[in-house]
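Asker: Chains A and B, in that order, are what the protein sequence lines are. Residue 2 is where the first sequence starts when you use this note's numbering, and the numbers rise one by one after that. Residue 4 is where the second sequence starts when you use this note's numbering, and the numbers rise one by one after that.
In short, the hints are calculated from the structure, not lab data. Backbone N, C-alpha and C define an ideal beta-carbon position, used for all residues, glycine too. Any given hint could be a false lead.
Computed cross-link-like contacts, DSS-like style, restricted to lysine-lysine with a CA-CA straight-line distance of at most 27 Å [stated by the list, open to error]:
hint, chain 1, residue 1, chain 2, residue 2
1, B, Lys347, A, Lys144
2, A, Lys199, B, Lys347
3, B, Lys14, B, Lys345
Estimated spans, in silico, between C-beta atoms of each pair [unchecked claim]:
hint, chain 1, residue 1, chain 2, residue 2, range
4, B, Phe24, A, Ala121, 47 to 53 Å
5, A, Tyr54, B, Phe319, 49 to 55 Å
6, B, Gly172, A, Asn147, 49 to 55 Å
7, A, Gly80, B, Val33, 47 to 53 Å
8, A, Gln86, B, Leu17, 34 to 40 Å
9, A, Asn87, B, Asp25, 34 to 40 Å
10, A, Asn9, B, Asp25, 56 to 62 Å
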Amino acid sequence: MDFLKVSNITMQFGGLFAVEDVSFHVDRGEIVSLIGPNGAGKTTVFNMLTGVYQITSGTMEFEGHKLEGKTPQEIVGLGISRTFQNLRLFPKMRVIENVLVGTHIRTKYNFFDGLFRSKAFRKEEAEKTVRAIEILESIGLEKYINSYVESLPYGEQRKVEIARAIATDAKLLLLDEPAAGMNPSESEELLHFIRSLKDKGFTVLMIEHDMNVVMNISDRIYVLDHGKLIAHGLPGEIANDKRVIEAYLGGERKHAKNR
Amino acid sequence: MDKVREKIKTKGLLFNIEHFFDRYKVIISVVFAVVALSVPFIGLSRATMRLLVMIGLYSMLGMGLNLLVGYTGQVSLGHAGFYAIGAYVCALLQVDAGVNFWLALLIGGIVSGFVGFLLGLPTLRLSGTYLSIVTLGFCEVVQMILKQWESVTYGNYGVRNIPKPELFGFTFNQQNGGFYIIILVLAVLTALGCHFIKNSKTGRAFIAIKEDELAATMMGIKTSRYKILAFVLSAFITGIAGGFYSVINNGYIEPTNFTFNISILIMSVVIVGGLGTIRGMVFGATILMLFPEVFRFLNEWRFVIYGVLLVLMMQFRPQGALGWQSTLPYRLSKETKKLLEKKKAAAEDASRTK
Ligand SMILES: Nc1ncnc2c1ncn2[C@@H]1O[C@H](COP(=O)(O)OP(=O)(O)OP(=O)(O)O)[C@@H](O)[C@H]1O
Ligand SMILES: [Mg+2]
Numbered sequence: 002m003d004f005l006k007v008s009n010i011t012m013q014f015g016g017l018f019a020v021e022d023v024s025f026h027v028d029r030g031e032i033v034s035l036i037g038p039n040g041a042g043k044t045t046v047f048n049m050l051t052g053v054y055q056i057t058s059g060t061m062e063f064e065g066h067k068l069e070g071k072t073p074q075e076i077v078g079l080g081i082s083r084t085f086q087n088l089r090l091f092p093k094m095r096v097i098e099n100v101l102v103g104t105h106i107r108t109k110y111n112f113f114d115g116l117f118r119s120k121a122f123r124k125e126e127a128e129k130t131v132r133a134i135e136i137l138e139s140i141g142l143e144k145y146i147n148s149y150v151e152s153l154p155y156g157e158q159r160k161v162e163i164a165r166a167i168a169t170d171a172k173l174l175l176l177d178e179p180a181a182g183m184n185p186s187e188s189e190e191l192l193h194f195i196r197s198l199k200d201k202g203f204t205v206l207m208i209e210h211d212m213n214v215v216m217n218i219s220d221r222i223y224v225l226d227h228g229k230l231i232a233h234g235l236p237g238e239i240a241n242d243k244r245v246i247e248a249y250l251g252g253e254r255k256h257a258k259n260r
Numbered sequence: 004m005d006k007v008r009e010k011i012k013t014k015g016l017l018f019n020i021e022h023f024f025d026r027y028k029v030i031i032s033v034v035f036a037v038v039a040l041s042v043p044f045i046g047l048s049r050a051t052m053r054l055l056v057m058i059g060l061y062s063m064l065g066m067g068l069n070l071l072v073g074y075t076g077q078v079s080l081g082h083a084g085f086y087a088i089g090a091y092v093c094a095l096l097q098v099d100a101g102v103n104f105w106l107a108l109l110i111g112g113i114v115s116g117f118v119g120f121l122l123g124l125p126t127l128r129l130s131g132t133y134l135s136i137v138t139l140g141f142c143e144v145v146q147m148i149l150k151q152w153e154s155v156t157y158g159n160y161g162v163r164n165i166p167k168p169e170l171f172g173f174t175f176n177q178q179n180g181g182f183y184i185i186i187l188v189l190a191v192l193t194a195l196g197c198h199f200i201k202n203s204k205t206g207r208a209f210i211a212i213k214e215d216e217l218a219a220t221m222m223g224i225k226t227s228r229y230k231i232l233a234f235v236l237s238a239f240i241t242g243i244a245g246g247f248y249s250v251i252n253n254g255y256i257e258p259t260n261f262t263f264n265i266s267i268l269i270m271s272v273v274i275v276g277g278l279g280t281i282r283g284m285v286f287g288a289t290i291l292m293l294f295p296e297v298f299r300f301l302n303e304w305r306f307v308i309y310g311v312l313l314v315l316m317m318q319f320r321p322q323g324a325l326g327w328q329s330t331l332p333y334r335l336s337k338e339t340k341k342l343l344e345k346k347k348a349a350a351e352d353a354s355r356t357k
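All chains, please: the whole structure from these sequences, using the hints.
Answerer: Spelled out as structure tokens, the structure:
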């Protein structure tokens, strides 16, 4: 049984095939990157995996569970969580509250426990709060625990989003351009952090434009262009693949750093 | 004095005020309780007592609507409808079925909450203007039912001879401060309930939905369920407030007590006080109840000034008078602190044995 196995998925928007007949797999404990020029369909793949879009055709399987037709909530429940290319945090909440929202789906006490401050509430709320603090410390955000998200620099906000995704107890993390908007030293730090995730037993599927990050931490790489998979292999192979170089050089590489 | 000034400068005035309230919260609560409970006995005029009761009532209504608008971000202009349902159910149960006030009050709240559920369902996909229009329509439908369904609601004539609440032989009324005590207890309970809901996974889910519904969904929050829950809770609180209103209004209620204007008034309390805060509801209610008293001499012009005030408010302080974000650190419970220390000690032990 594969950890994540995607077979022949297609996403059609009207006449546009944003993703066409794409197949790939991710094994447990791997860091796999999905790269490709702008508009290649990378984010669309994430939206398909996480139930934002109902896929046009194909199958997706995670630890033996079918993903197609499931709601986003059910998919998070199975252990897949994501970040967004254009940051989708809860800006007026504190950093720790954002991460606590991530623990929501694993929090068992009910509405009345919270209303009457039952023992179950106090115990579990303490556990989840401590867990949130630990996650924030591990990603280097300890000094921002009490801050409101909207007051954080962009790069730190990206980390909050990763922390929030981890808090869902996900086994598979889908990171959409985690290094976007970070300076070289920040992205270097992030690289170490993502690597450390692997040691902690997480599996990562990552979309990234920063080739330094991609080549350094990926176990394998898939390349998407115009909705189709054009290559896959080890970082060394991809770096020298003619079709990949062509796709990147041929298409306008208008990728702006700060998006 | 210089020291104090220095401290205020480094941490900000707001922090110092909040810190003061947080530090002495036990003493402040006790003082508040003593003052609040002695109010009926210090010989205030009837008009003043009545004003205090109305402030309490509108604080509660504000908190009810705030749960919806301030937390999940769903707008409602239909709360006069829930208010009416709570009032009529409570009044009719007492007058026509001889049900005890306290039970009737609770049933009124529950019926209103149930109607909130029914209204919440079809409006799940609506937001902003569309939701405003539908809830406004709801308000009008309730008005129509109250007026037309005469066999049950007594139509325009209204429900009369609503008895005064009693408990263990004590009759609550305006003169003996009984109304004041009831609304004080109801408002404090509502405030505590809202506070506890807000600081639990339910409240965080509510606010997450307001901030970014898609992101909330992607965190596994069943957004539809929480949006309906907010509607039900909000309608329940408003219904209870309505039940209380039915007994303090000289023993009768009629449809005109629950027009669209009331919805606007409740919404104004929330906006003036500060969306999403509990303190703001009390403040907003105080301002809006005082306003007509203070500016009585302006007659109908009051409403013009009132409108101007709201517009200015929206323009220059959209977060409401008391709508600030707390500058204090996130509050960790005793249990959380204990667990943190335990974990830290364990980590130290582990590093020592290495
Ligand atoms: N909901 C949608 N409706 C219509 N078209 C869409 C939708 N979502 C994506 N597309 C289109 O699908 C194509 C792929 O978009 P996608 O966002 O997946 O690209 P990407 O590889 O993530 O690019 P980038 O590097 O710019 O983030 C684009 O042409 C986009 O306009
Ligand atoms: Mg993208």
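Asker: In this structure, is the beta-carbon distance linking A/Gly80 and B/Val33 contained in 47 to 53 Å?
Answerer: Roughly 49 Å apart at Cβ, these two residues keep to the hinted range, so it holds.
Asker: Check the following: the C-beta atoms of A/Gln86 and B/Leu17 are separated by a distance inside 34 to 40 Å.
Answerer: holds (35 Å)
Asker: Taking 47 to 53 Å as the stated bounds, is the beta-carbon spacing between B/Phe24 and A/Ala121 within them?
Answerer: Since B/Phe24 and A/Ala121 have Cβ atoms about 30 Å apart, the given range 47 to 53 Å is violated.
Asker: Can the suggested window of 49 to 55 Å be confirmed for the beta-carbon pair A/Tyr54 and B/Phe319?
Answerer: violated (42 Å)
Asker: Would you check the hint for B/Lys14 and B/Lys345, treating anything up to 27 Å between C-alpha atoms as holding?
Answerer: Since the Cα atoms of B/Lys14 and B/Lys345 sit roughly 31 Å apart, the hinted pair is violated (cutoff 27 Å).
Asker: Given the hint of 56 to 62 Å, check if A/Asn9 and B/Asp25 actually sit that far apart at their C-beta atoms.
Answerer: holds (59 Å)
Asker: Measure nothing beyond the straight line between the CA atoms of B/Lys347 and A/Lys144; if it is 27 Å or shorter, mark the hint as holding.
Answerer: holds (17 Å)
Asker: CB of B/Gly172 to CB of A/Asn147, is that within 49 to 55 Å?
Answerer: Given about 52 Å between the Cβ atoms, the range holds.
Asker: Given the hint that A/Lys199 pairs with B/Lys347, test it: the Cα-Cα distance must not exceed 27 Å.
Answerer: holds (24 Å)
Asker: Within 34 to 40 Å or not, the Cβ separation of A/Asn87 and B/Asp25?
Answerer: holds (37 Å)
Hint compliance for this structure: hints 3, 4 and 5 are broken, all remaining hints hold.
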